[in-house]
Amino acid sequence: MSMVGNLRKVARLARRRRRVDLNHPARSPLGTSVVNCVAYVDGKRQPGDCPVEEAIERVRRAGRGFVWIGLHEPAERELSGIAELFALHPLAVEDAVHAHQRPKLETYDDTLFTVFKTVRYVDHDELSTTSEVVDTGEVMVFTGPDFVVTVRHGRHGSLGPLREELEADPDQLAKGPSAVLHAIADHVVEDYLAVADAVQDDLDQVETEVFAPEPAHRTDVGGRIYQLKRELLELKRAVAPLGRPMERLSTQRLSAVDLDMRKYFRDVADHLARVTEQIAAFDDLLNSILQAHLAQVTVAQNEDMRKITAWAAIIAVPTMVCGVYGMNFDHMPELRWRFGYPLIIAVIAAACFAMHRGFRRNGWL
Numbered sequence: 005m006s007m008v009g010n011l012r013k014v015a016r017l018a019r020r021r022r023r024v025d026l027n028h029p030a031r032s033p034l035g036t037s038v039v040n041c042v043a044y045v046d047g048k049r050q051p052g053d054c055p056v057e058e059a060i061e062r063v064r065r066a067g068r069g070f071v072w073i074g075l076h077e078p079a080e081r082e083l084s085g086i087a088e089l090f091a092l093h094p095l096a097v098e099d100a101v102h103a104h105q106r107p108k109l110e111t112y113d114d115t116l117f118t119v120f121k122t123v124r125y126v127d128h129d130e131l132s133t134t135s136e137v138v139d140t141g142e143v144m145v146f147t148g149p150d151f152v153v154t155v156r157h158g159r160h161g162s163l164g165p166l167r168e169e170l171e172a173d174p175d176q177l178a179k180g181p182s183a184v185l186h187a188i189a190d191h192v193v194e195d196y197l198a199v200a201d202a203v204q205d206d207l208d209q210v211e212t213e214v215f216a217p218e219p220a221h222r223t224d225v226g227g228r229i230y231q232l233k234r235e236l237l238e239l240k241r242a243v244a245p246l247g248r249p250m251e252r253l254s255t256q257r258l259s260a261v262d263l264d265m266r267k268y269f270r271d272v273a274d275h276l277a278r279v280t281e282q283i284a285a286f287d288d289l290l291n292s293i294l295q296a297h298l299a300q301v302t303v304a305q306n307e308d309m310r311k312i313t314a315w316a317a318i319i320a321v322p323t324m325v326c327g328v329y330g331m332n333f334d335h336m337p338e339l340r341w342r343f344g345y346p347l348i349i350a351v352i353a354a355a356c357f358a359m360h361r362g363f364r365r366n367g368w369l
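For the numbering used here, add 4 to where a residue sits in the sequence shown, where the first one is 1.
In case anyone wonders, no lab produced these hints; they're calculated from the structure.
Just so you know, not all the hints are guaranteed correct.
To be verified - Below, simulated SDA-like cross-link-like pairs (lysine to any residue); rule was C-alpha separation at most 25 Å, straight line: (1) Lys240 - Asp271; (2) Lys179 - Arg248; (3) Lys311 - Tyr329.
This structure is a prediction, so every number in the text was calculated from the model and none was measured.
Model the full assembly from the supplied sequences, consistent with the hints where possible.
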């Protein structure tokens, strides 16, 4: 049986068990991928990091609050245990296991499945044709009536500091799982803004070198511009698709989102629109810089060709004269004259001097 079929079977069994008795949730095998598991009641963290089953049982017995479970790159078996416990949809679970998803928002009954692309600026001393500027990861968020499950992929994007900030604001955390979803969205978009500002510094550096009064044209400047465009495209793939999910969170009625949180999501959507416009402006500016660089290369090549042509014309004069007097004829003007040779040399020198001066005056040399 396929993985999707197994997960659907598990989800059906979990729903039946939850209907029978919410006070005794199913026990599921969980591995070391669980980074943190905390229960919150009235916005306050409950003491101790208890097992997942015990945490959700405590919340459901209290009839309020929620559980926040954080996982990092879980295996299929480990996430299947979470799926059984919270009746997560098999398709969403499959996406969370394999990652490499576009930013999106999916609704499954009373559960939201949200995918965020996380980004990090990679520090480098100097931009090169192989520099990695933007490093990406993923955060998947399952949001239900009484739980939040975050699945993180990648080397960055830890939610530990974010959890501490939320715990310092119990009033906001008391609004439930949607408050956690908003905090994650806001955190991700703020990282987008920070990375965009850092990329702008690289763009300014390339622009300065290309448009310098006397630029030291490096052979790899075109490659560096192209590399920066590739990294900017990676950032754009993370930012642009998130616009539609943020619009839905800020405008549509969703069962897993508190109505009071919609204005907070609108604020995040505004920040996202700002960084989207900023990236589009960067892309247009890079295109202009690349075109200017190519124009400079063309101008430099034309100048080189003019210099070569001018010197070839100057050299053509003595070549022609010497070629004429190199012919083996007995009767040629001034061939037996005593001053014939000095005269020819003087004529050649005068002609070459006049041509050189003319080319210099016209900017060819």
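Going through the earlier hints one by one, which of them does the structure break, listed in rising order?
-> 3
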